[in-house]
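> These protein sequences, in sequence, are chains P and D. So the first sequence is numbered by this note's numbering: it starts at 21 and just counts up by one. So the second sequence is numbered by this note's numbering: it starts at 160 and just counts up by one.
In short, the hints are calculated from the structure, not lab data. Accuracy of the hints is not assured; some may be wrong.
[Claimed, not checked] Cβ pair distances, simulated, as ranges:
{"#": "1", "chain 1": "D", "residue 1": "E300", "chain 2": "P", "residue 2": "L436", "range": "30 to 40 Å"}
{"#": "2", "chain 1": "P", "residue 1": "V344", "chain 2": "D", "residue 2": "N230", "range": "37 to 47 Å"}
{"#": "3", "chain 1": "P", "residue 1": "R356", "chain 2": "D", "residue 2": "T164", "range": "38 to 48 Å"}
By construction, the Cβ of each residue, glycine as well, lies at the ideal position given by its N, Cα and C atoms.
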Amino acid sequence: MFAYYFQLGLRSLRRNPALTALMVMAIGFGVAASMITWSVFRAVSGDPIPGKSGQLYTVLVDNRGPQYNDKGEPPEALTYTDATALVAARKAAHQTLLFEVAPSVLPEGNQSLPFIAHGYATNTDFFGMFEVPFEFGGAWRASDDEGRAAVVVISHALNQQLFNGADSVGREITLDRHSYRIVGVTAHWDPKPRFYDLFSGNAFGDPVQVYLPFARAVDVEMDTAGRNNCGSNVDFGSGRDAWLHGECVWVPMWVELADQPAANAYRDFLTHYAAEQQRAGRFHWAPNVRLRDVNNWLDYKQVVPPESRISLMVALGFFVICLVNTIGLLLAKFMRRAAEIGVRRALGAPRGEIYRQFLIEAATVGLAGGVLGLLLTALGMFGVGLLFEPQIARLAHLDASLVAMTLLVAVVATVLAAFYPTWRAAKVQPAWQLKSN
Amino acid sequence: MLKMTHLSKVYRTEVVETYALRDFNIDVKEGEFVAVTGPSGSGKTTFLTIAGLLETFSGGEYHLDGIEVSNLNDNARSKIRNEKIGFIFQAFNLIPDLNVFDNIEVPLRYRGMKAAERKQRIMESLERVGLASRAKHYPAELSGGQQQRVAIARALAGSPRLLLADEPTGNLDTQMARSVLELLEDIHREGATIVMVTHDPELAARAQRNVHIIDGQVVELSEDPRFHPAQVAAGEVRG
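Go ahead and model the full structure; you've got the sequences and the hints to work with.
Structure follows, in structure tokens:
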């Protein structure tokens, strides 16, 4: 009977073109507005590392004290001193530290001009902890970190740009006039938001091109291209060494902890570390540490732009208004067919069949609205830039899941909207209808 | 086949109770052709809708083909309507968006019949009413008489035990009415039980038996003041 009712539904679309057009437009515009804003919201609010986000924690230690910290919260990154000490302690299963770099890249030959690459100085654990996929080679070894080796991992895009996509492992690349040996080429990997470095404010920034050992970058005095927060009331002395070992925070740090007991143990360790610093006279306040997992960190940093949430709410509100109109239009459409319902009931249709017929008919209207909504969503993707920052707008795209979602939402919403009109239709008394004819 | 005993139908509002049928008794045997007559508002159509399980009743008993129907739920009533009863209405009640074939197919669809059997039954019933060549026509493309024949074909396609006809010739001219009536007589001769509501005395006279209703009760024709000999002679009898 489904095919029969679907066929009746298609015929019904043609029966009253004006009414059908109104309903299809209401659903199409409503669903398109919702899906366009949803695509943005989904891009900025999704779990960037599903399956592991509960095991990765950013580590924060208050080196400012209650007088200078942010309402009791520690700074959002660590000092070089704390980060290197905590990583060296190896109290977690894996630990990494990083800072943003922007070295100049000198392509081979004289054909191309030097350019600035976007990258991170980090350690080998970074790649395993954050599940970085590789196209060629792999991460450097732990001994390369300790030996401050001149090795580098480059991205798929940079490899394409410099080596036409060939396997470049073992070849050399010049960064800031130092030569580095390529040990790995990542496959496409650009989690959004870039949860591991929210400190630099690049949650939706350009893709990363190079990764090199943290200690090596420090050795060659590669400056941080990210934030460097020294507070406002601290004397750091002068010179790079004073800055490096001073109280400026610029090093995000992450640890991987398998479960809650491991997280509790690591928190105890952090507290113990801060207490030691207090005893040593560096901190003049009680230990104040934080361990935030990925989603907690994204929430705390309020990564989802408020305008994406607001626009989604407005679009959903608009969709609800469209659906309310659709209820009225469906009611008019169905009740005009009271005579037909009476005949069908007389010929043996139980109420359940009337429900089925009219809900499937509503689903065909929803499907038509979904197709229109899909076209409008595709068009609307070009207009997302008018509402959002360019770096946010470019995240919105029409993929297979959004296509399926658009059609599904249109059909389900229309069927839900059709429940009241269908209930009314199924309540038609056949005797009265047939008498009145 | 159809037996109503002390049946009543009451329409209630907050202030008034109106009896459409009161202590209504009728027994139609299998294979009978019964005409139900009576003036407008007498309860003829209410009787027919209750007989066709399109409406519930307030009291009494109703046995249809041996089944007491008062406690049946909507599904069971619908199943009986679909399998045992064929309806023919004054206004034809064809679905305007469906062609002749699809209109006749409607009750067979609800019966869950396979496509090949549906097609065979539809074509057989169309041939029986002489409209096999009009299967793809829409109701609006047919005359009133042809539409009523399609409605009869629809009623016959399901091989019902009981045909309920409500003023089947009421919307037709004399010639078309005659041909529809002849068709009903043919169907009856083949063994169908027919209950026909009409206020046309000429039509009622063609039935085997007449049942007369006044004020919701079956009465002898002589009890209807409209049928007093003087009034009949003066041509004042109205339905």
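> Could you run down the list of hints and mark each one as holding or not?
Status of the hints after comparison with the structure:
1. Distance hint check: the CB atoms of D:E300 and P:L436 are about 38 Å apart, consistent with the given range 30 to 40 Å.
2. Between P:V344 and D:N230 the C-beta distance comes to about 40 Å, which sits within the given range of 37 to 47 Å.
3. The hinted window of 38 to 48 Å between P:R356 and D:T164 holds, with their beta carbons roughly 40 Å apart.
The structure fails none of the hints (numbered hints given earlier).
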